[in-house]
Every structure is written in C-alpha cells, then in structure tokens.
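Asks: Given next are the chains, with one letter for each unit.
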Amino acid sequence: DAGVIQSPRHEVTEMGQEVTLRCKPISGHNSLFWYRQTMMRGLELLIYFNNNVPIDDSGMPEDRFSAKMPNASFSTLKIQPSEPRDSAVYFCASSDRGSTGANVLTFGAGSRLTVL
Amino acid sequence: KNEVEQSPQNLTAQEGEFITINCSYSVGISALHWLQQHPGGGIVSLFMLSSGKKKHGRLIATINIQEKHSSLHITASHPRDSAVYICAVSQGAQKLVFGQGTRLTINP
Numbered sequence: 576d577a578g579v580i581q582s583p584r585h586e587v588t589e590m591g592q593e594v595t596l597r598c599k600p601i602s603g604h605n606s607l608f609w610y611r612q613t614m615m616r617g618l619e620l621l622i623y624f625n626n627n628v629p630i631d632d633s634g635m636p637e638d639r640f641s642a643k644m645p646n647a648s649f650s651t652l653k654i655q656p657s658e659p660r661d662s663a664v665y666f667c668a669s670s671d672r673g674s675t676g677a678n679v680l681t682f683g684a685g686s687r688l689t690v691l
Numbered sequence: 013k014n015e016v017e018q019s020p021q022n023l024t025a026q027e028g029e030f031i032t033i034n035c036s037y038s039v040g041i042s043a044l045h046w047l048q049q050h051p052g053g054g055i056v057s058l059f060m061l062s063s064g065k066k067k068h069g070r071l072i073a074t075i076n077i078q079e080k081h082s083s084l085h086i087t088a089s090h091p092r093d094s095a096v097y098i099c100a101v102s103q104g105a106q107k108l109v110f111g112q113g114t115r116l117t118i119n120p
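So the sequence lines, in the order shown, correspond to chains A and B.
In terms of this note's numbering, the numbers along the first sequence are unbroken and rise by one, the last being 691.
In terms of this note's numbering, the numbers along the second sequence are unbroken and rise by one, the last being 120.
Among the clues, some could well be false.
Only pairs whose alpha carbons sit at most 30 Å apart, straight line, appear in this in silico DSBU-like list of lysine-lysine [to be verified]:
#	chain 1	residue 1	chain 2	residue 2
1	B	K107	A	K653
2	B	K80	B	K107
3	B	K65	B	K107
4	B	K107	A	K599
5	B	K107	B	K66
6	A	K653	A	K643
7	B	K80	B	K66
8	B	K107	A	K643
9	B	K67	B	K80
Estimated spans, in silico, between C-beta atoms of each pair [stated by the list, open to error]:
#	chain 1	residue 1	chain 2	residue 2	range
10	B	S42	A	R616	17 to 27 Å
11	B	N14	A	N625	25 to 35 Å
12	B	H68	A	L691	35 to 45 Å
13	A	P656	B	I77	37 to 47 Å
14	A	D671	B	H68	18 to 28 Å
15	B	I72	A	N627	35 to 45 Å
16	A	E658	B	Q26	15 to 25 Å
17	B	P91	A	S662	24 to 34 Å
18	A	D671	B	G64	18 to 28 Å
19	A	T613	B	N119	21 to 31 Å
20	B	L61	A	N625	16 to 26 Å
21	A	N627	B	E29	43 to 53 Å
22	A	M590	B	E29	42 to 52 Å
23	A	G591	B	H90	23 to 33 Å
It is worth saying that the hints were derived from the structure and are not from the lab.
The structure displayed is predicted, hence computed values, not measured ones.
Note that the Cβ used here is the ideal one computed from N, Cα and C, for glycine as well.
Could you build the full structure based on these sequences and the hints that come with them?
Replies: Structure follows, in structure tokens:
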C-alpha cells in the first residue's frame, strides 16, 4: 500500500484565493482525519469522518473551512477565502477503527500551505 | 492548563544515552499514542496503548492509568532518533488531543 497520499505537498497562494487540499486514505480504512500543525498551536484536529460521514467538525476554525468525503477513497479540505493566518502544515490521517474504538493512525506526508 | 503536558520540551543527549520523555494528561482517555515527527515533517505512529507497557526495538512505552502518566524510553540512543516526539490521548471515539511535543537531539 502506498500509504496516505496528500496533494499538493506545497502550496503558495495569495490572500483571498481558494485552496483545495486532497487526501487519499489507505484502502480499507474507515476513518479519516484532517489535522493542522502550526508552531504556535501544535497539532489540532480539524474534522474527522467515519465511513465517509463527518463525525466531529468542532475543530474547523470558521466558515471559510469546509471538508468533504464523497467516497471512501477521497477527501478534500477547502479554504475559501484563504488568509495569511491559515498558513500551516495540513495533515490527513486514516485508521481502521477496531472494536476498542481507537486505532493506530497512519499519517500522510502533509501539505504545507503558505498564504501571502 | 493544557490537557496533555509533555516534558521536557527540548532534550539534547549523547549517542548511547538512555532517554526518557514524559507525558501527563488531565482527562479520561481510551488510549494514549506516541508519535514521531522527523525534521522532514512526516509523522509516524510509534505506539498506541491503554495499559501496561509496549516495546518495539529500542523503544519502550509505559502508561500508568491511575497516575495519568506515560513515558517513552529510548535505549542506546542514536542520532537517527533525533526528532520531535508527540504524546496524544484519545477521548472516546477517535478524537486526539496532542501535547506540544518534545524535541530530541542526539549528538554523535
């Protein structure tokens, strides 16, 4: 398996532009997570999906952020309009939720976003 | 106060030394995770544990549920162990709360 695949790896854009980050989870994993990492706040959960359904989006900063998972093999995180404070590394992770309800996560390589 | 506290924040040691990184948490958890983030940025899950101890190669993770404390140990440390080590706890479901990380540098 190629692991969790994220694209783009790096994106530089101007304030006000729309940004779309993409994630392909590991085949067979039924949970998908979007995290954001900044120097100031560390890693934060933005949203997660179980079986393509959003379960908890309380970490999504504001209405400018939206996430979708149209099928089991693809998810997007969209920022519109983008602002400089959105600059961060965005990680996607997936897991196969077991009977305990918690399972080891596999992370993608991350998408480094810079908003000028 | 953060729900997950790690110590130390930074740790520098010589190759071969025994390393301990600590994690304390203040909430009820279903599991605790140790993650490793290398300078290139990628994050790897090292351990997930809810009781006792787990060992993988030179890495050992322990957890004391009563004291709400976990430790990550590295035996015979090596420069390639240099990374940021992150403790995270699962609170029901699969939502993770992260510590701020411990930056470990192992000098040859």
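Asks: The structure should be examined with respect to each hint, and the outcome stated for every one.
Replies: Going through the hints against the structure:
| no. | hint | in the structure |
| --- | --- | --- |
| 1 | K107(B) <-> K653(A) | holds, 21 Å |
| 2 | K80(B) <-> K107(B) | holds, 18 Å |
| 3 | K65(B) <-> K107(B) | holds, 22 Å |
| 4 | K107(B) <-> K599(A) | holds, 20 Å |
| 5 | K107(B) <-> K66(B) | holds, 22 Å |
| 6 | K653(A) <-> K643(A) | holds, 8 Å |
| 7 | K80(B) <-> K66(B) | holds, 17 Å |
| 8 | K107(B) <-> K643(A) | holds, 18 Å |
| 9 | K67(B) <-> K80(B) | holds, 19 Å |
| 10 | S42(B) <-> R616(A): 17 to 27 Å | holds, 23 Å |
| 11 | N14(B) <-> N625(A): 25 to 35 Å | holds, 27 Å |
| 12 | H68(B) <-> L691(A): 35 to 45 Å | holds, 42 Å |
| 13 | P656(A) <-> I77(B): 37 to 47 Å | holds, 45 Å |
| 14 | D671(A) <-> H68(B): 18 to 28 Å | holds, 19 Å |
| 15 | I72(B) <-> N627(A): 35 to 45 Å | holds, 37 Å |
| 16 | E658(A) <-> Q26(B): 15 to 25 Å | violated, 44 Å |
| 17 | P91(B) <-> S662(A): 24 to 34 Å | holds, 31 Å |
| 18 | D671(A) <-> G64(B): 18 to 28 Å | holds, 23 Å |
| 19 | T613(A) <-> N119(B): 21 to 31 Å | holds, 28 Å |
| 20 | L61(B) <-> N625(A): 16 to 26 Å | holds, 22 Å |
| 21 | N627(A) <-> E29(B): 43 to 53 Å | holds, 47 Å |
| 22 | M590(A) <-> E29(B): 42 to 52 Å | holds, 46 Å |
| 23 | G591(A) <-> H90(B): 23 to 33 Å | violated, 47 Å |
Hint check: violations occur at hints 16, 23; the rest are consistent with the structure.
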